[in-house]
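Colleague: Residue-level listing of the chains:
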Amino acid sequence: MKKPRRGEAPGPLNINSMMDMMTIILVFLLKSYSSEDVSVAPSDNLQLPFSTAEAAPKLAVNMVVEKGQVIVDGKPILQLGTADDPTKPGSKVPAVPETELQGQLVPKLFDVLTQKATDAKALGERAGGSSKDLGFKGQILMQVDKDMPFNVVRTVMYTAGQAQFGEFKFVVVKLNE
Amino acid sequence: MSERRKVENPDLDLTPIMNLVTILIPTLLMAAQFVHLAVIDSTLPAIGQPQTTEPDPNETPPLNLQLFITAGGLTLMGTGADEILFPDGKPTLQPGEAMPPTIPCKSGAVCTGVEDYDWKALTKKLGVLKDRFPKEQNVILVPDNAVRYELIVSAMDAARADIEVKDENNKSRELFPYVVIAGGAP
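In the order they appear, the protein sequences are chains A and B. For what it's worth, our numbering labels the leading residue of the first sequence as 1, then goes sequentially. For what it's worth, our numbering labels the leading residue of the second sequence as 1, then goes sequentially.
Treat the hints with caution; some may be incorrect.
What the hints assert, rightly or not - Computed cross-link-like contacts, DSS-like style, restricted to lysine-lysine with a CA-CA straight-line distance of at most 25 Å: (1) LYS58(A) to LYS174(A); (2) LYS121(A) to LYS146(A); (3) LYS106(B) to LYS135(B); (4) LYS58(A) to LYS31(A); (5) LYS146(A) to LYS135(B); (6) LYS120(B) to LYS106(B); (7) LYS146(A) to LYS120(B); (8) LYS171(B) to LYS174(A); (9) LYS75(A) to LYS146(A); (10) LYS106(B) to LYS130(B); (11) LYS92(A) to LYS174(A); (12) LYS75(A) to LYS31(A); (13) LYS108(A) to LYS124(B); (14) LYS124(B) to LYS58(A); (15) LYS166(B) to LYS88(A); (16) LYS31(A) to LYS146(A); (17) LYS88(A) to LYS124(B); (18) LYS174(A) to LYS120(B); (19) LYS88(A) to LYS146(A).
Note that these hints are calculated values from the structure, not bench results.
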């Protein structure tokens, strides 16, 4: 390219090297492009465990059990309290508050999930069984924080089971990817 | 004038391509997934598939493999599996005494974290059980109340397949892929 003389306007900007860079970024992004049905909003309250599982997640009712609350399809349903950790004296672990419990059942969560099941069934009936994907299969995606004690998980699972969600799909982060 | 145009070799105008790429990059950046997710299937015992067939007296009874996850380690139990689980003979328990774990923690009596549980030993033990009961595919997890969710996932991983043993298609050896989570004592 000709060097502009003093007093002359400079020539057009050379953007070839920038184009090279952009092309590489584009290829990299295309490679990591994915259209998975499930999205996870990472936060301090929800850290998914790692696993060697391979099965891809499918669309279903989405339940998130994070440190402070239980969320169903994006709506916070139940606030979790804390209890003393029996394994480590002095520290606290999340727990379902006694006031929210009816035996093992959490009525607030039960009502929401039952409504979801009813809606899904109605949708399946309207489709008239034409589409297999629309029928109600009782599947529920569970995103649970890795430090959640089992009694919270069990209570939530039991409630989901009572609301006709019997097939649990635990969402985990794939190892070695 | 016409001669001069022939000599001149103007640069290719890359601005429209740049515009396109600049729009494509944020779009793809939004759709890019840097964390790959997977799911583990599980059912509740009550809603699991019921056994409809009558038990055949000639067949071996179902294994009913149970894996207890406690702070002290991992305990396996199964019908007719005592000689594999307790090669030195089943320990005799005093009334009220708890069964010692089949696979104790690496560091001692109480496990300190996920890594302290001996998952490899569990997979190995389950491999031996699978050799003996090749048709069995179910394992029932019975975690203690205080057990962290992370441990349950690790237990499911260890029970699903042995990644160190590969078949001719380079697939891991399948052990007990159907996991049922039992309620445990409230």
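Colleague: Quick check: which numbered hints come out false for this structure?
Modeller: 2, 3, 5, 11, 12, 13, 14, 15, 16 and 17
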